[in-house]
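Using this note's numbering, you'd call the opening residue of the sequence shown number 13 and step up by one each time.
Derived from the structure by calculation, the hints contain no laboratory data.
Given the structure is predicted, the values throughout are model-derived calculations rather than measurements.
Note that beta-carbon positions come from the ideal geometry of N, C-alpha and C, so glycine has one too.
Warning: the hint list may mix true and false statements.
Distance ranges between label pairs, derived from CB positions [unchecked claim]: (1) Leu138 <-> Pro241: 26 to 34 Å; (2) Pro241 <-> Asn115: 41 to 49 Å; (3) Arg200 <-> Lys249: 33 to 41 Å; (4) Thr198 <-> Asn174: 17 to 25 Å; (5) Ser111 <-> Val229: 37 to 45 Å.
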Amino acid sequence: MWRRATSFSPLISSFKSSFFIQEASKHKMWEMLTTGIPCQEKGNICPTHRAPFITFVLGGPGSGKGTQCAKIVDTFGFKHLSAGDLLRKEIASDSEYGSMILNTIREGKIVPSEVTVKLLRREMELSDNRKFLIDGFPRSEENRRAFEEIMGAEPDIVLFFNCPEEEMVKRVLSRNQGRIDDNIDTVRKRLKVFEELNLPVIEHYAKRGKLHKISAVGTVDEIFDQVRPVFAACERKLNES
């Protein structure tokens, strides 16, 4: 499944802040992700030299994918990686690289895909697990292409938690109590962005035969009853490999 990655995109030269004016500074930022990190040979992230099993977990805000990820971890022993959590962790570390990410967000810019993928790869290299849930990434076709280029591989399976818009709106607003009137427009905008950017990714993996669509309506356990057979089948294949 894994193939040697032959090229890497430069970190992104479009930043206009003084942080990225000098080429040397950009190169330094790019190198910081791998400096001091125990790296396996490209295409061999798992410390046991067995190919990692990667699952993308996709779904709109309020689709319940985070809750289901927790149950997958508890039941099947996967390592859960959230792209958003990794970015926040890097910012909280107060590292020079975290400062760059924070400055990017403050300027209203999107953190480059290469940055997020490198953070994901670092966590995978440092883990003694070979089974990974990547939650909320890729969010766009550009994200997907960056992941496959840098990692040199596609995911093994993709879970898509399919949930009606009104149900997602209700769930998000219920967990943001006290700000409902202010947030409803924002929630709908987030759902529109998700549909525009994420659905092409979902369609791509459906064509590749990797997509498992889960109806995200019902109780947590009812939804997990749909998830369980997917991973039970994967476990059998992993045990045979």
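Against the structure, the hints:
Under the hint 26 to 34 Å, the C-beta atoms of Leu138 and Pro241, about 31 Å apart, fit the expected range. Against the hinted window of 41 to 49 Å, the Cβ-Cβ separation of Pro241 and Asn115 comes to about 45 Å, which satisfies the hint. A hinted range of 33 to 41 Å for the beta carbons of Arg200 and Lys249 is consistent with their spacing of about 40 Å. With their beta carbons about 22 Å apart, Thr198 and Asn174 fall inside the hinted range of 17 to 25 Å.
A hinted range of 37 to 45 Å for the beta carbons of Ser111 and Val229 is consistent with their spacing of about 42 Å.
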